[in-house]
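Residue numbers (this note's numbering), protein chains in the order written: chain V, 10 to 70; chain Z, 32 to 303.
What the hints contain is simulated information worked out from the structure, not anything from laboratory work. Each hint should be verified, as a subset may be incorrect.
Okay, derived cross-link-like pairs now, PhoX-like style, lysine-lysine, Cα gap no bigger than 20 angstroms in a straight line [said to hold, decoys possible]:
| no. | chain 1 | residue 1 | chain 2 | residue 2 |
| --- | --- | --- | --- | --- |
| 1 | V | 17 | Z | 34 |
| 2 | Z | 34 | V | 54 |
| 3 | Z | 67 | V | 54 |
| 4 | Z | 67 | V | 13 |
| 5 | V | 69 | V | 49 |
Values in this document were obtained by computation on a predicted structure and should not be read as measured data.
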Amino acid sequence: MAIKTIGKHCKGCGVCVTFCPKQVLGLDALGKITVVDETKCITCKQCEMRCPDYAIFVEKK
Amino acid sequence: MEKLIEKYYRPRLPHIWCPGCGNGIVTSSIIKAIDKLGLDQDKTVIVSGIGCSSRASGYLNFDTVHSLHGRALPVATGIKLADPELNVIVITGDGDGTAIGGNHFIHTARRNINLTVILFNNNIYGMTGGQYSPLTPTDSKATTAPYGTLERAFDIAELAKAAGATYVARGTAFHANMLVDVIAKGISHDGFSLIEAVTQCPIYFGRQNKKGDASAMLKTQRDNAVTVEAAKKLSPEQLEGKFKIGVLHQSEAPEYTKQYQAIIDRAQKGAK
Ligand SMILES: Cc1ncc(C[n+]2csc(CCOP(=O)(O)OP(=O)(O)O)c2C)c(N)n1
Ligand code: SF4
Ligand code: SF4
Ligand code: SF4
Ligand SMILES: [Mg+2]
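Using the sequences plus the hints, can you model the full thing?
What follows is the structure, given as structure tokens:
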């Protein structure tokens, strides 16, 4: 499994962080998306589904 | 989604929408519906009016018309009549579609022309800075209603049905996958389809009405939406303050471009 983030597109809304059921995601000091603990990801893709800015993609491997 | 962006979006991201705006989510649901149905990109036209939501057409790699405020439906009607083979999808906002464009809305529904309309309902005029629309709930704050709105909002789904739409559905940005499904059904339906997409404007509706940030507004959508199936088991008291999502209405009626073609055929035979 792989989480791909595009910092350039992220506007730091926090939606993906809020709805991730496994606390995989966070925002960094600049308010951009960051992956805190990828090992907890269950590839539910809720982050990808609700990111308004197409800044996070999850690949099932 | 990454592959869909390559295929269906113009290479001009990031978009202009504010942080947390639901427009990007609803737009991706439209694209997923188009992809799910395998529509030919060269036979699909996207028409929009003016507003933050209507800006979506500019990001999508189809033949698109970013028309005039309130006038997406007449433009789409012209395109569909000129070539009924095209899939014509309309993107509009609550202001665009139900205020300045409200008259076009009821009459296009009445004609039952085969268009699919996705109305982004963020309960406000986002683009122009937060004026209230016919879909702003009663007693909401807006720049044009500093003491709260007096009018009752339209239930646009009920209005569409009463005006003659033969497919009416509602979804939300929170339930983005379900939104894909009701949009796809609307595109497949042969007649006028309205899909109300409940979405958040955290900047102008949210801030003025203390609705919290985008996450909080998405949670409100989650908590207040009841599927059509679940609603059947609830009492009117239990449904107080809730709204239904799913396919709300579907019926059969003659489709306008087919009726129009029949007239052409009759006229060409010289019959009266
Ligand atoms: C003829 C005309 N009148 C007014 C405007 C100004 N105007 C632009 S967008 C808009 C309202 C948009 O509201 P809505 O359709 O709800 O879109 P949103 O920005 O909320 O997505 C208005 C009044 C205009 N562009 N053209
Ligand atoms: S796929 Fe699911 S679990 Fe993984 S980061 Fe996204 S929301 Fe969290
Ligand atoms: S939802 Fe998208 S834009 Fe918002 S913080 Fe997450 S990655 Fe960034
Ligand atoms: S003003 Fe509202 S609707 Fe417009 S882009 Fe910003 S959040 Fe979205
Ligand atoms: Mg609006």
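Quick rundown of the hints versus the structure:
1. V:17 with Z:34: The given pair, whose Cα atoms are some 18 angstroms apart, holds under the 20 angstroms limit.
2. Z:34 with V:54: Given that 20 angstroms is the threshold and the Cα spacing comes to 15 angstroms, the pair holds.
3. Z:67 with V:54: 17 angstroms, holds
4. Z:67 with V:13: 23 angstroms, violated
5. V:69 with V:49: 14 angstroms, holds
The structure fails to meet hint 4 from the earlier list, while all remaining hints are met.
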